[in-house]
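J.: These protein sequences, in sequence, are chains Z and P.
Heads up, the first sequence is in the numbering used here, so the first residue is 768 and it goes up one at a time.
Heads up, the second sequence is in the numbering used here, so the first residue is 16 and it goes up one at a time.
A portion of the hints provided could be inaccurate.
[Claimed, not checked] Under the rule of at most 25 Å between Cα atoms (straight-line distance), these lysine-lysine pairs were calculated in the BS3-like manner:
id, chain 1, residue 1, chain 2, residue 2
1, P, K210, Z, K780
2, Z, K780, P, K209
3, Z, K1077, P, K210
[Claimed, not checked] Now the in silico label distances, taken between C-beta atoms and shown as ranges:
id, chain 1, residue 1, chain 2, residue 2, range
4, Z, P917, P, R17, 28 to 34 Å
5, P, I244, Z, R771, 22 to 28 Å
6, P, R258, Z, R771, 48 to 54 Å
7, P, T90, Z, I1006, 43 to 49 Å
8, P, T134, Z, H840, 25 to 31 Å
[Unchecked claim] Part of the chain Z face toward chain P, derived, beta carbon under 7 Å:
id, residue
9, Q789
10, F830
11, R833
12, L834
13, F837
14, H840
15, I843
Simulated from the structure, these hints should not be mistaken for laboratory data.
All C-beta atoms, glycine included, are put in the ideal place defined by N, C-alpha and C.
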Amino acid sequence: MTQRYQSWGRYPKASHQIQTIQWPEDLPNDLTKQIHGALPFGNGRSYGDCCLNDGGLLLDGRFRNRLLAFDAHSGILRCEAGVLLADILELMTPRGWFPAVTPGTKLLTVGGAIANDVHGKNHHRTGSFGDHVHRIGLLRSDGQQLICSPDENTDLFRATIGGIGLTGYILWAEFSLRPISNPYFDMETIRYGNVEDFFQLSSESDQDYEYTLAWLDCQGRGKNLGRGLFMRGNHAPFIPQAQWPKHASRQLNMPIDPPFTLINGLTLKAFNTLYYYKQIRRSQCACVHYDSFFYPLDAIDNWNRIYGPKGFFQYQCVLPQESGQDGIKEILKGIARSGQGSFLGVLKVFGDRQSPGLLSFPRPGSTLALDFPNRGKKTLTLLERFDTIVREAGGAVYIAKDARMSPSSFRHFYPQWQTFKSFVDPGFSSSFWRRVTEESS
Amino acid sequence: MRKILIIGATSAIAQAVAHRYAQQGHALFLTGRDPERVATIAADLRVRGAVQVESATLDANQIETHQTVLDHAITAMGSIDTVLIAHGVLNDQQTCQASVEDTLDAFQTNALSAIALLTLLANYMEHNAIKGTLAVISSVAGDRGRQSNYVYGAAKAAKSTFLAGLRNRLHSAGIHVLTIKPGFVDTPMTAHLKKGLLWAQPDDVAAGIVKSIEKRRDCVYLPGFWWLIMTIIRAIPESLFKRLTL
Ligand SMILES: Cc1cc2nc3c(=O)[nH]c(=O)nc-3n(C[C@H](O)[C@H](O)[C@H](O)COP(=O)(O)OP(=O)(O)OC[C@H]3O[C@@H](n4cnc5c(N)ncnc54)[C@H](O)[C@@H]3O)c2cc1C
Ligand SMILES: NC(=O)c1ccc[n+]([C@@H]2O[C@H](COP(=O)([O-])OP(=O)(O)OC[C@H]3O[C@@H](n4cnc5c(N)ncnc54)[C@H](OP(=O)(O)O)[C@@H]3O)[C@@H](O)[C@H]2O)c1
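Just need the whole structure built from these sequences, with the hints factored in.
T.: Printed below as a string of structure tokens:
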């Protein structure tokens, strides 16, 4: 509890005043006078500082967790923004409904899913979370409650999707779930050798598989560069309930902060290699529960503590298709050279659609996500180098994962930021926003 | 299926309890001060699976309205077999010390209003031979008076003692009386307090409440470790206790 108001990467550190928002009347009415204004806080599953407002106010909506209406014919759910995706899953999968889009954690709120316009393994098919949002109830600092949708307050709707909490407080949202016949997935895991193989597999699979993604072994070099496990899957077809596979959820915990990071070159190498060879056969099929399919990391509470008190960075970028392969190789080589291994590498090809939000991250191309323990300047320099690669390739870095991109990189990656600025509520601000807009560059 | 009446349905702990009952498909009657908030919570419980959700506006301190609201609930639900009384305020000790009016107000909300409701509800169950449950949220604060919050604590103590007597009286009628003593719970009531290791989430406390109702327990500390803490605190001799800053 004491650690609630920090981001998942536990960097940067920030201190806040907290205001709990259970009802609209709980919003303080003089936010524009508040130093640094206010920022909504979901569940702190963003890695960087987009959910922090150092020295200012955080609006915690964890008690706004009510489901307001569900239409069992269309699958449209209206709920308050503090509802966790985990609660929706628990309640709705037994009734045959599943989130249209889910990221790699279920411990995020609906507000956070909209404000970062999150994506999942099915982006190539279904787009991002915002693509399935029909209406948003938005509370502005002047007390106005606005309904935003593709027909009403359209521009504000577009700004609020991916609006990183700056356009006002999302009170509730209405969005579509998709029908399923059971909570299981047919999943195939394929061991592949290098970056080229990944792209080959991906283009073969995206047609027939709704969900695709690869885990990278960042220790691979030379002709093994980018080797890993490619996972592809679909919702399992009808299975009589009596024959559902056993699913026992086992929850582990990282109960303490180790005084230093447990991730060093040696442990990493062992881990990644083991992970890669865990699967002896080239390909393996299984019918798995959604918890194992989407949320393997959620099974370890507080796994982020493994990186020690200094925290860690996640780096996620997207590179356009044309320059993608080269860019990804360059980044992977950079990691190998730096000796700053990444614990987890994730690679996925996005679909060719335009994202719904003004500042949305997903765009056509391939996206790479990597973790780095915080080793101070050394790590920052490395990530800055990656930014240059991404800039030159015409890509972008994901705000939800960022704690360090420079103002000038931000403006490159998100040229619409000027338009976005006009929708920012004058009573709202964040550490991220001040970092990328206030410094001179 | 239970037919559950909740007094103070907007309380975070009560909402977490109601979530669990709704998901199990029970029927609920909600009361609270603000009709719009109560309606929002009712909508939530319907989506979660409650077979029936009804509601009425009730300020527990308006004792003259109790009978009407209870009659309404009984008519709407057919009968009531499970009651959760959850309303309360964490009054400011300093303000109460300085004001007789505030002290009596705190007693009104945290003790007298519940005592009034329980009198009516106990008689209702007894007369109708309903072997149901009366569950009431008291507090560990009622176990011993401390300078930092004895007005709140004394009101909770009155509630706990009243419940002990009621349990004794209703035992032969097969009516279950549950005294719930939560420790520190992270709810809007305590949003202004600094949180530490001893703090529990409303959903954890709710799980304990549902289980205690099911098992027809008499008095529970939630989470359970508070039993140990309060046993130690109660054991300190008064001659020593009065010198402590607690
Ligand atoms: C293990 C793990 C895996 C992940 N996998 C993915 C992935 O696959 N794809 C992906 O896209 N992301 C992924 N993420 C990132 C995560 O989905 C996003 O950062 C998400 O926004 C977190 O939501 P949250 O509820 O925790 O909100 P927070 O992190 O607390 O806040 C996120 C943003 O939402 C805003 N916000 C929250 N509530 C409201 C509200 N009510 N009104 C207005 N604004 C609000 C905040 O101000 C902030 O800007 C992953 C994170 C983790 C820890
Ligand atoms: N949180 C803790 O640490 C803790 C510890 C021990 C015991 N408790 C007890 O647990 C119970 C629930 O509290 P909580 O923690 O869930 O806090 P909460 O969310 O603040 O709930 C308190 C509720 O009491 C209601 N209320 C106050 N006066 C009322 C009145 N006159 N008539 C009707 N309703 C009234 C409030 O209704 P409105 O919405 O209308 O304001 C509010 O919903 C209380 O009895 C409290 O004393 C809490």
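J.: Against chain P, run the beta carbon of Q789 (chain Z) and see if the smallest gap drops under 7 Å.
T.: holds, 6 Å
J.: Is 43 to 49 Å respected by the C-beta to C-beta distance linking T90 (chain P) and I1006 (chain Z)?
T.: This hint holds: roughly 46 Å between Cβ atoms.
J.: For R258 (chain P) and R771 (chain Z), compare the CB-CB distance with the range 48 to 54 Å and indicate the outcome.
T.: Since R258 (chain P) and R771 (chain Z) have Cβ atoms about 36 Å apart, the given range 48 to 54 Å is violated.
J.: With a cut-off of 25 Å on the C-alpha distance, tell me whether K780 (chain Z) and K209 (chain P) pass.
T.: Holds, at about 18 Å.
J.: Are K1077 (chain Z) and K210 (chain P) close enough, with their CA atoms no more than 25 Å apart?
T.: OK: K1077 (chain Z) and K210 (chain P) at ~23 Å, within 25 Å.
J.: Could you check if H840 (chain Z) really has its C-beta closer than 7 Å to a C-beta on chain P?
T.: Result: violated, 14 Å to nearest chain P Cβ.
J.: Between the beta carbons of T134 (chain P) and H840 (chain Z), is the distance compatible with 25 to 31 Å?
T.: violated, 47 Å
J.: Against chain P, is L834 (chain Z) within 7 Å by beta-carbon distance?
T.: Cβ of L834 (chain Z) sits 4 Å from chain P, so the hint holds.
J.: Would the pair K210 (chain P) and K780 (chain Z) pass a check requiring their Cα atoms to be no farther apart than 25 Å?
T.: holds, 18 Å
J.: Between I244 (chain P) and R771 (chain Z), does the C-beta distance stay in 22 to 28 Å?
T.: Check passed, 24 Å falls within 22 to 28 Å.
J.: Against chain P, run the beta carbon of R833 (chain Z) and see if the smallest gap drops under 7 Å.
T.: Cβ of R833 (chain Z) sits 4 Å from chain P, so the hint holds.
J.: Is the shortest C-beta separation between F830 (chain Z) and chain P less than 7 Å?
T.: At 6 Å from the nearest chain P Cβ, F830 (chain Z) passes the 7 Å test, so the hint holds.
When held up to the earlier numbered hints, the structure conflicts with 4, 6, 8, 14, 15 and fits the remainder.
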